[in-house]
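First to last, the protein sequences are chains D and W. If you read the first sequence in this note's numbering, its first letter stands for residue 1, the second for the next number, and so on. If you read the second sequence in this note's numbering, its first letter stands for residue 1, the second for the next number, and so on.
Worth flagging that the hints you see were computed from the coordinates, not collected in a lab. Hints should not be assumed to be uniformly reliable.
[Stated by the list, open to error] On the chain W side, residues computed to face chain D include the following (Cβ under 10 Å):
(1) 3
(2) 4
(3) 6
(4) 7
(5) 15
(6) 101
(7) 166
[To be verified] Taking CB as the label site, the calculated pair distances span:
(8) D:56 - W:151: 35 to 45 Å
(9) D:91 - W:132: 33 to 43 Å
(10) D:102 - W:118: 34 to 44 Å
(11) D:91 - W:20: 43 to 53 Å
(12) W:7 - D:99: 52 to 62 Å
(13) W:8 - D:70: 33 to 43 Å
(14) D:56 - W:39: 18 to 28 Å
(15) W:60 - D:90: 37 to 47 Å
(16) W:3 - D:3: 34 to 44 Å
None of the values given here were measured: they were computed from a predicted structure. We put the CB at the ideal spot given by N, CA and C, even for glycine.
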Amino acid sequence: MLIFNQLQTYLYLAAVLFAIGLYGVLARRNLIAILISVELILNAASLNFMAFNRFLAPTPAVGQIITLFIMAVAAAEAAIALSIIIAVYRKLKTVNIEQATELRG
Amino acid sequence: MNFLSALLTPPNLATAAFVLVVALTVVGALIAVGARNIFHNVLGLAVAMFGVSGLFVYLNSPFVALMQILIYVGAICIAICFAVMLSEPMYLPRPPRNPLKIQAAVAGALAVFIFLGLLLKKTTWTPALERSNDWSIETLGHYLLTKYSLIFELISLLLLVAMLGAIVTARGGRRSKAQ
Chain D
1 MLIFNQLQTY LYLAAVLFAI GLYGVLARRN LIAILISVEL ILNAASLNFM
51 AFNRFLAPTP AVGQIITLFI MAVAAAEAAI ALSIIIAVYR KLKTVNIEQA
101 TELRG
Chain W
1 MNFLSALLTP PNLATAAFVL VVALTVVGAL IAVGARNIFH NVLGLAVAMF
51 GVSGLFVYLN SPFVALMQIL IYVGAICIAI CFAVMLSEPM YLPRPPRNPL
101 KIQAAVAGAL AVFIFLGLLL KKTTWTPALE RSNDWSIETL GHYLLTKYSL
151 IFELISLLLL VAMLGAIVTA RGGRRSKAQ
């Protein structure tokens, strides 16, 4: 059995991607770096969908369509997040989440 | 020579290319979260996206792989580059990292990974009883315009609203010269 013909390989790889992205979300303080980590997490999800689509699903078109939808949602999310980051930078002169403390009581 | 030709069989070559693609994905992801320079992070994200698109080729869908490169590498990474240029200048000194926070983040991510790994180990996946073999792009388009047309339209609307919202939000703090 070849390594790239097994479902488990892709699922473990997606778990690795998810964990790396989660580490980025937790550890980084730059807003743009957090956005990059979220993109990694979304990619782990679409990799999972594609793997299940290849090995388990009854119709192979469905997983691909869902992956395309994930990409579209990721593009919308990135556009909104980047515009918010630019607005935050213009207002607070920083993109570091530890210095953007306007709402702290 | 004989030894080389015995090694260079199609399955071996495919496995080698797969390992390369996996390495590209993981190393790119590590650069994307680990490097201190935000621009290196973006480049790492692009490398990881290339790797994931290679994995999609292995998963039998070259069309989605192409879309991955087009959307992630071609659109999202470029958009992030613009945001990097429009926000904080990179020559400013960066505040030092808090080692306690890094360790806590590593522990959290590792805990989630171990949980997912145990879950994967325990589960037995059973494929659907009847699986169709129709991987063509025509079927994909057909589904998009029949069964999933509502979601398709909804996604289009979402993208439109997101674009308008992005323009409005990014313009917000700027005073026009006329006033």
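Hint check: 10 Å Cβ-Cβ cutoff, residue 7 of chain W to chain D = Hint on residue 7 of chain W: violated, closest Cβ of chain D at ~15 Å, above 10 Å.
Using the C-beta atoms of residue 56 of chain D and residue 39 of chain W, is the stated range 18 to 28 Å upheld?
-> Because 40 Å falls outside the window, the suggested range is violated.
Per the hint of 43 to 53 Å, is the separation of the Cβ atoms of residue 91 of chain D and residue 20 of chain W within bounds?
-> holds (45 Å)
State, for the Cβ atoms of residue 56 of chain D and residue 151 of chain W, whether the hinted interval 35 to 45 Å holds or is violated.
-> violated (21 Å)
So, residue 4 of chain W near chain D? Judge it on the closest CB pair being under 10 Å.
-> violated (20 Å)
Interface hint status, residue 101 of chain W versus chain D (Cβ within 10 Å) | Hint on residue 101 of chain W: holds, closest Cβ of chain D at ~6 Å, below 10 Å.
Go through the hint on residue 3 of chain W and say holds or violated, using the shortest Cβ distance to chain D against 10 Å.
-> Hint violated; residue 3 of chain W Cβ to chain D Cβ min 21 Å, cut 10 Å.
Distance restraint evaluation - residue 3 of chain W, residue 3 of chain D, Cβ atoms, bounds 34 to 44 Å = violated (22 Å)
Go through the hint on residue 6 of chain W and say holds or violated, using the shortest Cβ distance to chain D against 10 Å.
-> At 17 Å from the nearest chain D Cβ, residue 6 of chain W fails the 10 Å test, so the hint is violated.
When the least beta-carbon distance from residue 166 of chain W to chain D is tested against 10 Å, hint result = Where the cut-off is 10 Å and the nearest Cβ of chain D is about 4 Å from residue 166 of chain W, the hint holds.
Using the Cβ atoms, figure out if residue 102 of chain D sits within 34 to 44 Å of residue 118 of chain W.
-> holds (41 Å)
Within 52 to 62 Å or not, the Cβ separation of residue 7 of chain W and residue 99 of chain D?
-> Check passed, 56 Å falls within 52 to 62 Å.
The structure fails to meet hints 1, 2, 3, 4, 8, 9, 14 and 16 from the earlier list, while all remaining hints are met.
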